[in-house]
Amino acid sequence: MSTAYQIVVCGSLVPDPLQTLEPVAGPSGPALKNEMMLPAVLDPWAGHALFEAAHLAKSAPGSKVWLVSLGPKAKLQQVMMTVAQKVPFELVALDGPAGGFTEAADVAAALADAINAIPGLDKSRLLVFGGWESASRGAGATMQIVGERLGVTNQFQGVDKLTVAADGSLEILERIEGGKHQVSKCAAPPAVLGWATGNLPEPPNNPQVGMMNMRVVMPALQRAKPAKVAAEGVKFASVTLPKQQRDTKIVKDVPAEEIARELVAWITKD
Amino acid sequence: METILVLAHTEADGSLAKAALEALGAAKSLGGAFVVGLVGENVQAAANNIASCGAAKFLGVTGAEFSQARYTTDAAAAEAVCKAAGAAIVIAPATSRWNRVLAGVAHRLGGRTDTHVTAVSAADGVVSVNRWYYRQRMEAVLQRTQRPWVIALEAGCCEAWKGSAGSAAVEAVAVTLTDACKQTTVTGVRAPAADQQTIRPDAKLLLVAGAGWTKTQPDGKTHTPEAEKLILDFLRQTQASLGSSKSLVDLSGEGQAVLTFMTHLHQIGQTGSTPRHPKGLSTCCHGEEPHTVGWRFINERRAIDLNPNCGWARGKADVLYVADAFAVMAKVNELLATAK
Ligand SMILES: Cc1cc2nc3c(=O)[nH]c(=O)nc-3n(C[C@H](O)[C@H](O)[C@H](O)COP(=O)(O)OP(=O)(O)OC[C@H]3O[C@@H](n4cnc5c(N)ncnc54)[C@H](O)[C@@H]3O)c2cc1C
Chain C
0 MSTAYQIVVC
10 GSLVPDPLQT
20 LEPVAGPSGP
30 ALKNEMMLPA
40 VLDPWAGHAL
50 FEAAHLAKSA
60 PGSKVWLVSL
70 GPKAKLQQVM
80 MTVAQKVPFE
90 LVALDGPAGG
100 FTEAADVAAA
110 LADAINAIPG
120 LDKSRLLVFG
130 GWESASRGAG
140 ATMQIVGERL
150 GVTNQFQGVD
160 KLTVAADGSL
170 EILERIEGGK
180 HQVSKCAAPP
190 AVLGWATGNL
200 PEPPNNPQVG
210 MMNMRVVMPA
220 LQRAKPAKVA
230 AEGVKFASVT
240 LPKQQRDTKI
250 VKDVPAEEIA
260 RELVAWITKD
Chain B
0 METILVLAHT
10 EADGSLAKAA
20 LEALGAAKSL
30 GGAFVVGLVG
40 ENVQAAANNI
50 ASCGAAKFLG
60 VTGAEFSQAR
70 YTTDAAAAEA
80 VCKAAGAAIV
90 IAPATSRWNR
100 VLAGVAHRLG
110 GRTDTHVTAV
120 SAADGVVSVN
130 RWYYRQRMEA
140 VLQRTQRPWV
150 IALEAGCCEA
160 WKGSAGSAAV
170 EAVAVTLTDA
180 CKQTTVTGVR
190 APAADQQTIR
200 PDAKLLLVAG
210 AGWTKTQPDG
220 KTHTPEAEKL
230 ILDFLRQTQA
240 SLGSSKSLVD
250 LSGEGQAVLT
260 FMTHLHQIGQ
270 TGSTPRHPKG
280 LSTCCHGEEP
290 HTVGWRFINE
300 RRAIDLNPNC
310 GWARGKADVL
320 YVADAFAVMA
330 KVNELLATAK
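If you're matching them up, the sequences are chains C and B in order. Counting in numbering that gives the first Met the number 0, the first sequence runs without a single skipped number right up to 269 at its last residue. Counting in numbering that gives the first Met the number 0, the second sequence runs without a single skipped number right up to 339 at its last residue.
None of these hints come from the bench; they were simulated from the model. Accuracy of the hints is not assured; some may be wrong.
Claimed, not checked - For each label pair, taking beta carbons as the anchor points, the in silico distance ranges come out as:
{"hint": "1", "chain 1": "C", "residue 1": "K251", "chain 2": "B", "residue 2": "G162", "range": "18 to 26 Å"}
{"hint": "2", "chain 1": "B", "residue 1": "A122", "chain 2": "C", "residue 2": "E21", "range": "23 to 31 Å"}
{"hint": "3", "chain 1": "C", "residue 1": "S237", "chain 2": "B", "residue 2": "R189", "range": "36 to 44 Å"}
{"hint": "4", "chain 1": "B", "residue 1": "M0", "chain 2": "C", "residue 2": "A59", "range": "25 to 33 Å"}
{"hint": "5", "chain 1": "C", "residue 1": "P203", "chain 2": "B", "residue 2": "A63", "range": "44 to 52 Å"}
{"hint": "6", "chain 1": "C", "residue 1": "E21", "chain 2": "B", "residue 2": "S120", "range": "21 to 29 Å"}
{"hint": "7", "chain 1": "B", "residue 1": "E299", "chain 2": "C", "residue 2": "P26", "range": "37 to 45 Å"}
{"hint": "8", "chain 1": "C", "residue 1": "L240", "chain 2": "B", "residue 2": "E299", "range": "17 to 25 Å"}
To be verified - Selected chain C positions facing chain B (Cβ under 7 Å, derived; list incomplete):
{"hint": "9", "residue": "L20"}
{"hint": "10", "residue": "G137"}
{"hint": "11", "residue": "G177"}
{"hint": "12", "residue": "Q181"}
{"hint": "13", "residue": "T196"}
{"hint": "14", "residue": "V238"}
{"hint": "15", "residue": "L240"}
{"hint": "16", "residue": "K242"}
{"hint": "17", "residue": "Q244"}
Ideal Cβ placement from N, Cα and C applies to all residues, glycine included.
Same shape as in the complex, but just chain C (with noise of 0.2 Å):
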């Protein structure tokens, strides 16, 4: 029985969070003030999930870490001189917009699409990982989309932890209400996990890693395909900014004693 792992993670760039934002009105729908020009990272939680990706691949020999990406090729290629330092995979760009106010059924078609034409893939042996959520859209719809495009139904959202058992089943960790975990046992691959936080430190850049990765990155971006991503269908009657300002009341050069009465008068008031 073979024991490694064809991983397939998607994952795209989102805003640099530090970045304020501010939403206008595009030719085809909302979109971000100078989306073009603002710094790009890889999506957090679509980093934990190739971290915990390429951990795998290192305890399991044979194992292989493929990462679709479908982003604008400017910005895909900006952000994967950094990622490529962190950890070995095989690029597959898609050429395309990554923004929020996109339609998560059109990325997902177009990640099947390019997952299928991987060569040689096999999918008794495959993992799909990706983020539960993005940090654009949110919606924790693209995986699970993906899945249903791969015919593969083993999938679990919100992933913390994967663990192999000795008879080559999964264990897996999904957070659900109340900060608990549901445990399960997944028989064997193929399965999709949408990573959470996961376990794994940010790994530290590796420039031999990055000159490896970058020998078919640049490539992949060149080849990369455009991808028909758009929100047919979609009417955005508004998009805001929170009016988010209050009037603060600042309290100081207070006794602790009388700061507590006023807070459990607070705290006890229904």
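Following the hints, put chain B with the ligand in place on chain C, whose structure we already have.
What follows is chain B with the ligand alone, placed relative to chain C:
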């Protein structure tokens, strides 16, 4: 109005979660006729409890296989109920169980889904939903032409349906499961020990702890064990839920002296959770926008911080107490204890 289905699953004890009653309340508020579809090991008790809700009919998928929150069986059940109801619009509570499957189900039905919806409304027969983009940083109101339209409604956003129980006639919907549906088995739930269980989604109050609790204090030392005690004592007395800033949970990952009960599940904010509670108290958090967006859904907010210029002072909290959280929380705990 189009055909609406309220799609819910029962809990382990056969009841409906509050989030399910909120989905029912939201569907009713649209004003049209609706059908209720229930999935679970046994759904009769749950249906009886909402017998007077005014549903045109009750559909149910039942059996031992549907007691587990598992993708294959849940997706098959939800798909069957949606088809049986002929629903154009499906409103479901955004529980972890439904969140795992609804997008897949919408795909099977040739429809679309919108998740993490915070409001549903109808005007002139046109249904709109509100949802947030870019990690709660902007809110959109949108409509769709695709049907069925599966809407996953966040907990705590709508009034829960209230009404009297009765006896409901549940029409059974048959689902055929293949062996492939049983490749995964849910084997249990891993939860912190009861006294370490500090995430309480239904609590009235959220206490957020920041990295300040572990920082060097004016006496030149750290006081982490004391911080732990103060926080746990407060949580025990108030039954508040505990949240954390990113910095504080990351410290735990880096193996520093930290609050031992903090995990990544506690983190609120842009890359954490966005809990909903009526009140929130932030302690020792610097809390810069845009990262503390997790607070957006807390109604009344107060903060304690030594720094009068901390992020909370800038229009995010109703009250900022510029004070030592160690001193204040010790007094708060004392007062709470004597009040009992
Ligand atoms: C990509 C990205 C994503 C992020 N996502 C999140 C997120 O989801 N959630 C999140 O919280 N952050 C997030 N951040 C981090 C965020 O920017 C801040 O760094 C973090 O929230 C600060 O944590 P803190 O307030 O606990 O700590 P600090 O900034 O260290 O502040 C500590 C505070 O404690 C106060 N203090 C110290 N001692 C006392 C005392 N005795 N009494 C009272 N006050 C005291 C200090 O005055 C200070 O204001 C993110 C950052 C990035 C780059």
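A quick look at each hint next to the structure:
1. K251/C with G162/B: 18 to 26 Å: violated (49 Å)
2. A122/B with E21/C: 23 to 31 Å: Because 27 Å falls inside the window, the suggested range holds.
3. S237/C with R189/B: 36 to 44 Å: This hint holds: roughly 42 Å between Cβ atoms.
4. M0/B with A59/C: 25 to 33 Å: violated (53 Å)
5. P203/C with A63/B: 44 to 52 Å: holds (49 Å)
6. E21/C with S120/B: 21 to 29 Å: holds (25 Å)
7. E299/B with P26/C: 37 to 45 Å: Given about 42 Å between the Cβ atoms, the range holds.
8. L240/C with E299/B: 17 to 25 Å: holds (22 Å)
9. L20: At 5 Å from the nearest chain B Cβ, L20/C passes the 7 Å test, so the hint holds.
10. G137: holds (6 Å)
11. G177: Holds, about 6 Å.
12. Q181: holds (6 Å)
13. T196: holds (4 Å)
14. V238: Check passed: Cβ of V238/C comes within 4 Å of chain B, closer than 7 Å.
15. L240: holds (5 Å)
16. K242: Status violated, d = 10 Å.
17. Q244: Given a least distance of 4 Å, the restraint on Q244/C holds.
Checked against the numbered hints given earlier, this structure breaks hints 1, 4, 16; the rest are met.
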